[in-house]
Each structure stands twice: as structure tokens, then as C-alpha cells.
Amino acid sequence: MKIPEPNRLLDESNSQLERALLGAGRVAPSSSKTRTKTLAALGLAAGSATLLTGAAGAATVSTAAKLTWTKLVLGVSLVGAAAVPVGYYASTHHNAPDTAATQSAVARVRTAAPTAESIDDMIDAPAAMPTDPVARASLTRELAALDRARLALASGDARGVLGQLDAYQRSFPRGRLALEAEVLRIDALAKTGRASEARQHAQTFVRLHPNSVLATRVRAHLD
Amino acid sequence: MPAHLVIVRDPPPDGVPPGPPPVLGREARLRAMVDQHVNFVARVLRNAGTPDAEIDDEVQRTFITAARRLDDVRAGAEKGFLFKIALNLAAHARRTMARRREVLAEEAPERIDTLATPEALTDQKRMRQLLDGVLDKMDESLRVVFVLYEFEEMNMSEIADVLEIPRGTVASRLRRARTEFRERVGALEGVTNREGKA
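Chains V and R are the protein sequences, given in the same order. Under the working numbering, the first residue of the first sequence is numbered 1, with each subsequent residue one higher. Under the working numbering, the first residue of the second sequence is numbered 1001, with each subsequent residue one higher.
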């Protein structure tokens, strides 16, 4: 005999407190930023707003509408590339101590590890964008350079990506988005069959940035 | 509306039999998983005891873990797969928190606030904290069934599938979980009423 499905408690309860608690359990503690950050952590661009579906898309569009023009510059990078570079920029600190691994590409990175909060900060805090026009233009060029590399990787041109990342490194030896560039390099090395190099870079990355959300992604190359 | 364990698609044109789920590229599939299930994953994590402040990070970890094993997930089974990963991550986070609590418990005794006022009942943050307290006291096996049935509105067959247990076991766990939930909330209401009269 099939066991009947009982009504949900929320539908049958007469207790105000029970109903309030059951209602609280149905609230999703996520936001449009949760989606953006998740896509970024997966190495996926946030996607065009017109391609988004459901509430997440609507929320993202709504968020974009609230951005000032300064933030919009970064918003474009969110759409065209990924949220991660923005997170990196927001968490940039140029006083991180050098390590013994300064010979490696990762060690040349002087930015702090990006955090989920740093992306929040970037979206919420207009002050995070440089006011200095030179610094602003420099960041825009960095974003464009990484956009090109990312597009090349997405289209299967892994060797081209490595060339573009080398060029990025020459142009921006202390780039604010160097950490993101390093993750792209690891992906590209793995895709061109240079697994041991990818692994080596990944190990260094994880050692230097163990708590970064991106370290979770990079660890995939160590499995 | 009840949640389903399959991707909901537009109905096929008349006369065309429904085919298998569409084959998506890896990137498109991941993106679709995020778009369709990000709120579900966040809710599961939260109702499994993950603190608000850690939800975004744990959501990301859930999807990154899923991405690593994407080839093992059959089309249509993504939601159940994400659920299991989220549950494991939440259990890990809870164990870490429990260790922290052991230290804190010696310093700060538990206190139940007055809940009788309409303001309190509509205070989501407060209700959330209280719900955490009720769910935390539930046995894990009961809690999971309770959360999926009462909050995710999955039916008992879907829960049986995703937890890989018989439907009868789902029913008995749900019954016990609901009894526990009502007893604990009733006890809180008793405290509230006494405080209100004092």
C-alpha cells in the first residue's frame, strides 16, 4: 500500500511561531552575487544578462542598473570576462612579502589572495576603483589583455593563451590581475598536455594562496 | 510548487516523443547547473547548519567539487548530486563549528529571547537563529528528510531516490522529525508565554 504524502507543516500549522520558523527555512540565503562568484570560481564568465534565466538573471540586471559608471566599467569586465579579476583588484595589496619562490610566475604576484568578500567589496564600494586616471587606464588594459587570453582559451587556442599571458606579464610585471593570469596559465598548460608544468604551477599557487577560493579550483590540477 | 530531480524542459511539439535530456557542452552544463540550482544549494547548506557568513564560499565549493566529477553525473541527476556534495560540506563545516562551540559553551550559557511579539515573529534573522537551534538538536538522518520535505517541498519518492533509502523509511523519519520539531517549538512557545505573563 502506498504511503500517502502528508500536507506540509506550513500549510496545516496553527502556530504562528511554527509558521514563522518554517517560513525562515524556505528563504534562500543567496543573492545574485552568489551566482556571479560561483561562476567566477568555476572559471566561467558571468554571461550576458540577456542569457541569464529566472530570478538570478533578474537580480543581476537589477544590480547592474544600480551601478555607477565607475562600477559599470568593472561590470563590463564581469560580463565580458569574469568576476575574479575584479575580486583580485579589490584585494590588491602591494606590501605582501616576497618569498623564496620569487623565480616563479606565482611568486611575482604581489597581490593578496582574492576572497569572496573582496568581490562583494568591489561591487559595493566605489572607492575600490582607482581614482587616478593612469591607474584606471592601466587596470582597464589589464582586464582587456586577460579577456583576450580567456577568449583564446575558450576557443581552444591554448598555445595562443600562453603567448598572450607572457605578453601580459611583460606589459604588467606587477599586474593587479596577475593571480588570475596565473590561473589561466595553469589551465592552458594543462590543456596543451604540459601536465607536469601545470601541476608545478598549481602546487606553488596553492602553497602561496591556500585560502583563496581560486585555490579550490587550482587544486583540481593536483588530483 | 514541488521541486523535481529532473531538468524541466519545454514540452516537445505534438506527436514528437520526449527524448533524453539535451547534451550540453561541459561549460554550458556547468552554467545551467549554477543557474538552476544555486538557490537550492544555498538553502540546503543553510538548513544543514552552515552559517550565513560562509554560504557563498560553500556554494562555490559545492559547484567546484561537482565540476570535478561532472562526467560521473548523468543528465537529469544534477540536483541530487549537488545536494549530496552540499550536505557533506555542511557536515564538515558543522563539525568545525561544534569544536568552536565546545570552547564557547563554557563561557556563554544559552539564552532564549522573548518571541511572543509580532515584531519578533517577522524578524527573519531571529527566526532563522531559532530555527537553527531547533534543527541543530535533531538527529542528522531526521533533519535531512525534514528539510527536503518541508523546505524544498520534494515528495517522499524523490527524497527516497536522492538519499537512496526506502520510501517507507522516509515516511517514518519524516513523522519522527515533525514530532520533534513540534515538541521543540511548543517548548519554546511555553517559554515565551511564561515570559509574556511574567
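Careful, some of the hints might be misleading.
[To be verified] As a list, the in silico DSS-like pairs of lysine-lysine whose alpha-carbon atoms are at most 25 Å apart: (1) R/K1084 / R/K1137; (2) R/K1125 / R/K1137; (3) V/K33 / R/K1137; (4) V/K191 / R/K1084.
[Said to hold, decoys possible] Far from chain V, some chain R residues (derived; all Cβ distances over 10 Å): (5) L1030; (6) D1035; (7) L1045; (8) A1075; (9) R1128; (10) N1155; (11) M1156; (12) D1161.
Hints were generated in silico from the structure; no laboratory data involved. Computed from a predicted structure; not experimentally measured. Even glycine gets a Cβ: it sits at the ideal position worked out from N, Cα and C.
### Task
Taking the shortest Cβ-to-Cβ distance between R/R1128 and chain V, state whether it exceeds 10 Å.
5 Å, violated
### Message
Tell me if the straight-line CA distance from R/K1084 to R/K1137 falls inside 25 Å.
### Response
21 Å, holds
### Query
When you look at the beta carbon of R/A1075, is every beta carbon of chain V farther off than 10 Å?
18 Å, holds
### Distance restraint between V/K191 and R/K1084, which requires alpha-carbon spacing of 25 Å or less
Not satisfied, since the Cα-Cα distance of roughly 29 Å exceeds 25 Å.
#### Entry: Consistency of the no-contact label for R/M1156, given chain V and a CB cut of 10 Å
Given that some Cβ of chain V is not farther than 10 Å from that of R/M1156, nearest at about 6 Å, it is violated.
### Given as non-interface: R/L1045, which should sit over 10 Å from chain V by C-beta
Answer for R/L1045: violated, closest chain V Cβ roughly 8 Å.
### Query
Does R/K1137 lie within 25 Å of V/K33 when you go C-alpha to C-alpha?
Answer violated: V/K33 to R/K1137 is near 31 Å, above 25 Å.
#### Entry: Exclusion check [R/N1155 not at the chain V interface, CB over 10 Å]
6 Å, violated
### Task
Find the nearest Cβ of chain V to the Cβ of R/D1161 and say whether that gap is larger than 10 Å.
Holds, since 15 Å exceeds 10 Å.
### Query
Is it the case that R/D1035 keeps its Cβ farther than 10 Å from each residue Cβ in chain V?
About 5 Å separates R/D1035 from the closest Cβ of chain V, which leaves it inside 10 Å; violated.
### Query
Minimum Cβ separation between R/L1030 and chain V greater than 10 Å?
6 Å, violated
### Query
Would the pair R/K1125 and R/K1137 pass a check requiring their Cα atoms to be no farther apart than 25 Å?
19 Å, holds
In this structure, the hints that do not hold are numbers 3, 4, 5, 6, 7, 9, 10, 11, in rising order.
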